[in-house]
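Asks: If you want the building blocks of each chain, they are given just below.
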Amino acid sequence: MERAVVRMAHEILEQNKEIPDLALVGIQRGGVILANRLWKAIEAISKTKLPLGTLDINLYRDDLTRVAEQPVIRKTDIHFPIDNKIVILVDDVLYTGRTIRSALDALIDFGRPKRMELAVLVDRGHRELPIRADFVGKNIPTSEKELVHVRFTESDGKDEVIVK
Amino acid sequence: MTEIRSQKSEDREKKKGWVRKDLLSIEELSKEEIELVLNTADSFKEVSARDVKKVPALRGKTIANLFFESSTRTRTSFEIAAKRLSADIINFSSSGSSASKGESLKDTAKNIEAMHVDTIVMRHPSSGSAEYLSKCVKAGVVNAGDGIHEHPTQGLLDLFTIRERKKTLEGVRVCLVGDILHSRVARSNIWGLKKMGARVTVCGPPTLIPAKIEELGVEVSYDLDKIIQEQDVLNILRIQLERQRGAFFPSIREYAAEYGISKERLRKAKPDVIIMHPGPINRGVELSSEVADGAHSVILDQVTNGVAIRMAVLFLTTAMDK
Numbered sequence: 101m102e103r104a105v106v107r108m109a110h111e112i113l114e115q116n117k118e119i120p121d122l123a124l125v126g127i128q129r130g131g132v133i134l135a136n137r138l139w140k141a142i143e144a145i146s147k148t149k150l151p152l153g154t155l156d157i158n159l160y161r162d163d164l165t166r167v168a169e170q171p172v173i174r175k176t177d178i179h180f181p182i183d184n185k186i187v188i189l190v191d192d193v194l195y196t197g198r199t200i201r202s203a204l205d206a207l208i209d210f211g212r213p214k215r216m217e218l219a220v221l222v223d224r225g226h227r228e229l230p231i232r233a234d235f236v237g238k239n240i241p242t243s244e245k246e247l248v249h250v251r252f253t254e255s256d257g258k259d260e261v262i263v264k
Numbered sequence: 002m003t004e005i006r007s008q009k010s011e012d013r014e015k016k017k018g019w020v021r022k023d024l025l026s027i028e029e030l031s032k033e034e035i036e037l038v039l040n041t042a043d044s045f046k047e048v049s050a051r052d053v054k055k056v057p058a059l060r061g062k063t064i065a066n067l068f069f070e071s072s073t074r075t076r077t078s079f080e081i082a083a084k085r086l087s088a089d090i091i092n093f094s095s096s097g098s099s100a101s102k103g104e105s106l107k108d109t110a111k112n113i114e115a116m117h118v119d120t121i122v123m124r125h126p127s128s129g130s131a132e133y134l135s136k137c138v139k140a141g142v143v144n145a146g147d148g149i150h151e152h153p154t155q156g157l158l159d160l161f162t163i164r165e166r167k168k169t170l171e172g173v174r175v176c177l178v179g180d181i182l183h184s185r186v187a188r189s190n191i192w193g194l195k196k197m198g199a200r201v202t203v204c205g206p207p208t209l210i211p212a213k214i215e216e217l218g219v220e221v222s223y224d225l226d227k228i229i230q231e232q233d234v235l236n237i238l239r240i241q242l243e244r245q246r247g248a249f250f251p252s253i254r255e256y257a258a259e260y261g262i263s264k265e266r267l268r269k270a271k272p273d274v275i276i277m278h279p280g281p282i283n284r285g286v287e288l289s290s291e292v293a294d295g296a297h298s299v300i301l302d303q304v305t306n307g308v309a310i311r312m313a314v315l316f317l318t319t320a321m322d323k
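Residue numbers (the working numbering), protein chains in the order written: chain A, 101 to 264; chain B, 2 to 323.
Among the clues, some could well be false.
Once the Cα atoms are required to be at most 25 Å apart in a straight line, the calculated DMTMM-like pairs of lysine to aspartate or glutamate come out as [to be verified]:
#1 B/K22 / A/D163
#2 A/K175 / B/E33
#3 B/K46 / B/E80
#4 B/K136 / A/E169
#5 B/K55 / A/D209
#6 B/K55 / A/D205
#7 B/K107 / B/D89
#8 B/K55 / A/E244
Distance windows between CB atoms, simulated [stated by the list, open to error]:
#9 A/K245 / B/A50: 51 to 59 Å
#10 B/S290 / A/K140: 49 to 57 Å
#11 B/G129 / A/L229: 46 to 54 Å
In short, the hints are calculated from the structure, not lab data.
Only a predicted model underlies this, so the values are computations on that prediction, with no experimental measurement involved.
Idealized CB from N, CA, C, for every residue including glycine.
Chain B extracted, bound-state conformation (with noise of 0.2 Å):
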C-alpha cells in the first residue's frame, strides 16, 4: 500500500527484490534480476522527459566514474544518470591521473574510496578487473566495460529497447553482427537474451566468432544472406578498426560487401525488423548511412534507454547503506 511503514512490510512479502552492491555481469543475474532493472528503467525514462529532469533519490550520495579507457558515451550517460538521481558524480580518467604514474588498480580504488565515495563506475582494458575491484572495496562496483568479458549496461539497454519494441523478449529472433570475438557487448547481449529467453543467432566472418560460442546456446552462422529474413532485430557490432585492420578479413571493404547492412541487404528482412548498434558507428562498413538513418535503425533509441538503464543501476546499487 502507499502508506510507509505498511509499504515496507508488503515489498518484504512479495519477493526479495534487489540485494547486490555491485553489478559486474549480465551473466551473474537472474532472470527476475534482469526483469527488476528493466521494469526500474521503464519508471525512470519518465525523469527524463520532464522540465526538471531531476529527483532526490541519491542526494547526499558520491558516485565515482573510472575510466581506464576512452569513452564519451558510456561515461556522459552514467554523468548523466547519477545527476538526474542528484548524486554527486567525479570522473577520473587514466591519462593526467596517477594510473599513468605506475599506481596500482586496487591502490587508486582504495584512494578513491578513502574520499568515501558509495559506488565506483568503472571501464578498464582487463576482463575480470571489475570483480577484482569489487573484492577490494565495499564501495559498490559497476562494470562499464571490461576487457572483451562484459559490458552489462549495454546488455540491459539492448534488451530494454528490444522489449519496448517488441512487447517481450520471449522467442524473440536476435542476430548479432560481426566481431564477436572483441566483443563484451556481444557476450552480455548473449547471456541476457538467453536467460530472458529469445533466440540468438551470431554470424561473421569465421575468423571473429571464437571456437565453441554455441555452448552459450547460440546458433551460428557465416552467411548473413541467408538467415536475414527470420530475424526481429539485428544487432550490429561495431567493427573495432584500432585493434584489427587487416588481420581477421581481406579488408574493411569486403568485410563491408558481405556483412555490412546496406540498403538492398536490408530488402531481404522482415519488414518490422529493427537495426541496433551500440555506438559509435564506421558508416559505409558496418552500416550504410540510410540503414543507420532510416526508419527501421533504434540506434539513438538507444542511446535514450542507456540513460534510464543507468539510473535504475546505479539506483539499485546505490541507494541502501552498505
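For reference, chain A alone in the conformation it holds in the complex (with noise of 0.2 Å):
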C-alpha cells in the first residue's frame, strides 16, 4: 500500500505542477488517513506542507432518508479558503461514485476551486454515476455481491485491502 500511496503522490505532483496552489480533502473516514498518509508523501517528496482538510458527506448524501440507520456525522473540518485552489479529494474506495457526487456539492458549499481531482487508493467499478479518479493506487474488478474494505494501520492495525 505504501508504494501506491508514494506514485500517487509523485503522479499528483507530476501533473500539477502548481504546487502552492495545491490543497488535499479527505473524505471521512478512510480517506482522512489516506490524505493524511498522501500528504506526508508529497512532504517527502517537495518538501511543501499542503492545507489538509477533512470532509463528512452524509449531510449531502442523496439517500438519508432510505438508510436503514442514522450515518454517525463525523467531523468536517477545512480551515483554509479553498477558492481558486486544485483540490485534490482523496477516498479510499471509489465504487458507485455517489460518495463523490456528496463530496463535490459538499465542498462548493465552501468555495469555488479553480480545480478538483480525485484521488482513490482502490477503484472497484460498478459506477452509477458519470464519476472518474484522476488518480487511482489500484484497480481492482469485483462483482457489486462482493465487499470491499480497505484497513489502515492507524485505524485497525495493519494495511490491507479485503475482498469478500
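If you follow the hints, you should be able to join the two separate chains into one complex; please do so.
Replies: Take a look at the structure:
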C-alpha cells in the first residue's frame, strides 16, 4: 500500500505544476487516513506542507431517508479558503460514485476551487454516476455482491485491502 | 468506510444509534444516546461557522414550531437550526390561532399533521403534554418545554457547553442555583448530568427546592456561600418573576443578597468556574451585570451551542422516513 501511496503522490505533483495552489481533502473516514499519508509523501518529495482538510459527506447523501440507521456524523474541518485552489479529493474506495457526488456538492458550499481532482486507493468499478478518478492506487475488478474493505495501520492495526 | 454501501453495514455492526422519532425528555435517554446527540452537535457546530451556513440534510422535510407559551430564544433557535438543515419550518403560536378559539391540542396537532408535517416542535404550559402529543400523531415530536417537567434541548445544550469547557462531564461539580421548584431546565439538567457522571448540587431558598429532590441523587444546600468554592459550574436559573413575586421569598432584594451572583460572591468561587444561565436574565437579581458580561460567563456560548444541539436533535428525529 505504501508504494501505491508514494506513486500517487508523485503523479499528483507531476500533473499539477502549481504546487502552492494544491490542497488535500480527505473524505471521512478512510479517505482522511489516506489523505494524511499522501500529505506526508508529498512533503517528503517536494518539501511543501499542503493545506489538509477533512470532509464528512453524510449530510449531502442522496439516500439519507432510505438508510436503515442514522449515519454517524463526523467532523468536517476545512480551515483554509478553497477559492482558486486545486483541491485533490481523497477517498479509499471508489464504487458507485455517489459519495464523490456528495463530496463535490459539499465542497462547493465552501467556495469555488480552480479545479477538483480525485485520488482513490482502490477503484472497484460499478459506477452509477459519470465520475472517474484522476489518481488510482489499484484497480480491482469486483462483482457487486462483494464487499471491499480498506484497512489502515492507523485505524485497524495493519494495512490491507480485503475483498469478500 | 467512506463508500456508501459498505458504510451502512459497518455502522450497523457498531451500534444501534438513534431509533426514536421523538425527543420528549432527558430522563428517557441512555448515556449512549446523550453522547450521540452531543457528538452530532459537535459536528454540526462547524456548519454555523461557514460562509454558506446550510447543508441539504433535511431538504424536503417540514417542521412545525407549535408554541403555546411565549418564547423568543428557543423558537428562533429551532427555526435557525431547521433552516441550516434546509428543512421548511412553519410557526404556529397560541395567540391568534385556533387554540385561542377553544380547539383541543389533539385536534390542532392532527390538523398540522394532515398537512404532512414531519416533526412538531412544541412548547406547552402543561407537564406531560409532549408525551401526550407523541401518542396522538405519527409525526416526530420534540419537546421544547412542557410545564415544569422538562426542557430537554436546554439540558442537552447545557451538557454540551460544560463538556466543551471542562473537556468531560464525569466528576464535574455542578450547582443549580435558584428556583428549582418551577424549573424544567433544572429537571432536564439533573437527569442529564447524573447520567453522565457529574456531581450535582441544588441551592436556593427552601421554598423553591422541591421536597424529596435528594431522591434524584443530588445534594441540597440553602447556603450558597458555603458551597460555592467547591463548584466547577454554576448554572443560575431564572427567577420567574411572573409566577411568584412575593410568594416564595420575602423580596427580590433579599433573594439577590442571598443567592444572586455578584462580583464579590464570585471571588469565593474557583478561578476557572463557569457561569451559565438559560436566559432571559433578570440583571441585578440572579446575576449582576459584571458577572453576566464577565470572563466566567458562557451564557452566549450556550446560545450558540443551542443551535448546534437543535440541529442534531432535528436531524436525528427527522432524517429517516417514519
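Asks: Does each hint hold? Answer for all of them.
Replies: Tested hints:
1. B/K22 / A/D163: Cα-Cα ~18 Å, so holds.
2. A/K175 / B/E33: The given pair, whose Cα atoms are some 19 Å apart, holds under the 25 Å limit.
3. B/K46 / B/E80: Holds, at roughly 16 Å.
4. B/K136 / A/E169: This hinted pair holds, its Cα atoms lying about 23 Å apart.
5. B/K55 / A/D209: holds, 8 Å
6. B/K55 / A/D205: The given pair, whose Cα atoms are some 12 Å apart, holds under the 25 Å limit.
7. B/K107 / B/D89: holds, 22 Å
8. B/K55 / A/E244: Since the Cα atoms of B/K55 and A/E244 sit roughly 34 Å apart, the hinted pair is violated (cutoff 25 Å).
9. A/K245 / B/A50: 51 to 59 Å: 42 Å Cβ-Cβ, so the 51 to 59 Å window is violated.
10. B/S290 / A/K140: 49 to 57 Å: About 52 Å separates the Cβ atoms of B/S290 and A/K140, which means 49 to 57 Å holds.
11. B/G129 / A/L229: 46 to 54 Å: Holds, since B/G129 and A/L229 (Cβ atoms, about 49 Å apart) stay within the stated range.
When each numbered hint is compared with the structure, violations occur for hints 8, 9.
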